[in-house]
Amino acid sequence: APAVLLVHAHWASLIMWDEWASALSDKYRVVRFDMAGHGLTGLDPTGDYTLERGVKLLEQFNNAVDLKRFDIVGTSLGGTHAIHYTIKNPDHVNRLVLLNPGALNAGVRGRDTASALPWWIDALTVITPQSFFQFMLEGGYGDPNTVPESVVKRWHELQMGTGHRKAELERTRQYVSGDIVGKIKKLSVPTLIMWGEENPVVTVDQAYEFIDLLKNSPDRQLSIYPGLGHMAALEDPKITARDIRRFLDGTHRFDDYSKKEL
Numbered sequence: 001a002p003a004v005l006l007v008h009a010h011w012a013s014l015i016m017w018d019e020w021a022s023a024l025s026d027k028y029r030v031v032r033f034d035m036a037g038h039g040l041t042g043l044d045p046t047g048d049y050t051l052e053r054g055v056k057l058l059e060q061f062n063n064a065v066d067l068k069r070f071d072i073v074g075t076s077l078g079g080t081h082a083i084h085y086t087i088k089n090p091d092h093v094n095r096l097v098l099l100n101p102g103a104l105n106a107g108v109r110g111r112d113t114a115s116a117l118p119w120w121i122d123a124l125t126v127i128t129p130q131s132f133f134q135f136m137l138e139g140g141y142g143d144p145n146t147v148p149e150s151v152v153k154r155w156h157e158l159q160m161g162t163g164h165r166k167a168e169l170e171r172t173r174q175y176v177s178g179d180i181v182g183k184i185k186k187l188s189v190p191t192l193i194m195w196g197e198e199n200p201v202v203t204v205d206q207a208y209e210f211i212d213l214l215k216n217s218p219d220r221q222l223s224i225y226p227g228l229g230h231m232a233a234l235e236d237p238k239i240t241a242r243d244i245r246r247f248l249d250g251t252h253r254f255d256d257y258s259k260k261e262l
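Just so you know, my numbering puts 110 at position 110 of the sequence shown, and the rest follows in order with no gaps.
It is worth saying that the hints were derived from the structure and are not from the lab. Each residue gets a CB set at the ideal place from its N, CA and C atoms; glycine is no exception. Among the hints, erroneous ones may be present.
[As the list claims (entries may be wrong)] Here are the computed distance ranges between Cβ atoms for each label pair:
1. Gly250 <-> Met160: 39 to 45 Å
2. Leu117 <-> Gly178: 16 to 22 Å
3. Lys260 <-> Gly182: 18 to 24 Å
4. Glu197 <-> Pro118: 25 to 31 Å
5. Lys68 <-> Ser131: 43 to 49 Å
[Claimed, not checked] Calculated lysine-lysine pairs in the DSSO-like style (CA-CA distance at most 30 Å, straight line):
6. Lys56 <-> Lys27
7. Lys183 <-> Lys215
8. Lys215 <-> Lys88
9. Lys183 <-> Lys88
10. Lys153 <-> Lys166
11. Lys27 <-> Lys68
12. Lys153 <-> Lys68
13. Lys166 <-> Lys185
14. Lys259 <-> Lys88
15. Lys88 <-> Lys185
16. Lys215 <-> Lys259
17. Lys259 <-> Lys185
18. Lys88 <-> Lys260
19. Lys215 <-> Lys56
20. Lys56 <-> Lys259
21. Lys259 <-> Lys183
22. Lys88 <-> Lys56
23. Lys68 <-> Lys215
24. Lys238 <-> Lys68
25. Lys185 <-> Lys260
26. Lys183 <-> Lys260
27. Lys215 <-> Lys185
28. Lys88 <-> Lys186
All chains should be built: construct the whole structure from the sequences, respecting the hints.
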């Protein structure tokens, strides 16, 4: 079957795609995985959590599961990995879907050095209450009152693996976006941008900036979701899963910027 690769967000795991996998698996070969230091995947023995290392591991993973041509979907940090992977491997990617990618976040875009973390952050590697994940998830939802307790509990449980929290902080410390604008401009595959209108992490104006930068793409489409935030795949998995299916099946065109000048 045609393959779809789903790449999760920072601090998340493959379970965030449960509804999407169900919506796609009757027709598509759905491949999802936990990045190093996430979910049930252990630490990277090299200690390297840079974007470059993440893309290299993604290439090796795809070779291991025999993915040659596929659609790639990424959300948040996973979206940034998907961008970098597609730039390096355009012959492997049919279509690209970016759900609330964080690549243009003002705090990290264009940097050639990593952002500094607060002095107290390493305490999280020793003491990480469930309330931390409650706070983090509420900060990503369009309506923080809708975060399910079950999701908070699962995220907390999956981060209690040995070394996982330290690995997550290292990933942040090593994150350097470089010329991300230049990379987006080089994308030459059909691309759908999906964005929560109430996204408090990367605001919706960045969705239109993405579309403007994608002028080298032969097909650029945009779908905005009122009321949803950064964690749209969790906030409304039915609607977002429905739309990814419609895009991949080619049964619906979202706001089409393929022939428009912004």
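Hint-by-hint comparison with the structure:
1. Checked against the given bound of 39 to 45 Å, the beta carbons of Gly250 and Met160, roughly 42 Å apart, stay inside it.
2. Separation of Leu117 from Gly178 is about 19 Å and conforms to the stated range, judged on CB atoms against 16 to 22 Å.
3. Between Lys260 and Gly182 the C-beta distance comes to about 22 Å, which sits within the given range of 18 to 24 Å.
4. For Glu197 and Pro118, the hinted distance range of 25 to 31 Å is satisfied, since their beta carbons lie about 29 Å from each other.
5. Remark: the range hint 43 to 49 Å for Lys68 to Ser131 is upheld by a beta-carbon distance near 44 Å.
6. Restraint check for Lys56 and Lys27: satisfied, since their Cα atoms lie roughly 28 Å apart, inside the 30 Å limit.
7. At most 30 Å may separate the alpha-carbon atoms for a hinted pair to count; Lys183 and Lys215 meet this at roughly 12 Å.
8. Between Lys215 and Lys88, the direct Cα distance comes to roughly 18 Å. Compliance with the 30 Å bound is thereby established for this hinted pair.
9. The suggested pairing of Lys183 with Lys88 holds, with an alpha-carbon distance near 10 Å, which does not exceed 30 Å.
10. This hinted pair checks out: Lys153 and Lys166 have alpha carbons roughly 19 Å apart, not beyond 30 Å.
11. Note on Lys27 and Lys68: the hinted pairing holds, with a Cα-Cα distance of about 18 Å set against a maximum of 30 Å.
12. With a C-alpha separation of about 36 Å, the suggested pairing of Lys153 with Lys68 is violated against the 30 Å cut-off.
13. Of the supplied pair hints, the one linking Lys166 and Lys185 is violated, its CA atoms being roughly 34 Å apart against a limit of 30 Å.
14. Distance restraint check for Lys259 and Lys88: the Cα-Cα separation of roughly 26 Å lies within the 30 Å cut-off, and the hinted pair is therefore satisfied.
15. Taken as a hint, the Lys88 and Lys185 pair is honoured in the structure, with Cα atoms around 13 Å apart against an allowance of 30 Å.
16. The suggested pairing of Lys215 with Lys259 holds, with an alpha-carbon distance near 9 Å, which does not exceed 30 Å.
17. About 16 Å separates the Cα atoms of Lys259 and Lys185, which keeps this hinted pair within 30 Å; it holds.
18. The suggested pairing of Lys88 with Lys260 holds, with an alpha-carbon distance near 27 Å, which does not exceed 30 Å.
19. Proximity of Lys215 to Lys56 is assessed by CA-CA distance (about 27 Å); at most 30 Å being required, the pair is judged to hold.
20. Proposed proximity of Lys56 and Lys259 is contradicted: the alpha carbons are some 34 Å apart, above 30 Å.
21. A threshold of 30 Å between alpha carbons decides the hint, and for Lys259 with Lys183 the separation of about 21 Å falls inside it, so the pair holds.
22. About 10 Å separates the Cα atoms of Lys88 and Lys56, which keeps this hinted pair within 30 Å; it holds.
23. The hinted pair formed by Lys68 and Lys215 meets the criterion: a straight-line CA distance of about 26 Å does not exceed 30 Å.
24. A distance of roughly 29 Å separates the Cα atoms of Lys238 and Lys68; the hinted pair therefore holds under the 30 Å criterion.
25. With a C-alpha separation of about 16 Å, the suggested pairing of Lys185 with Lys260 holds against the 30 Å cut-off.
26. The straight-line distance between the Cα atoms of Lys183 and Lys260 is roughly 21 Å, inside the 30 Å bound, and the hint therefore holds.
27. Only pairs whose Cα atoms come within 30 Å are accepted, and Lys215 paired with Lys185 is accepted, the gap being roughly 7 Å.
28. In summary, the hint linking Lys88 to Lys186 is supported, as the alpha carbons are separated by about 10 Å, within the 30 Å threshold.
Checked against the numbered hints given earlier, this structure breaks hints 12, 13, 20; the rest are met.
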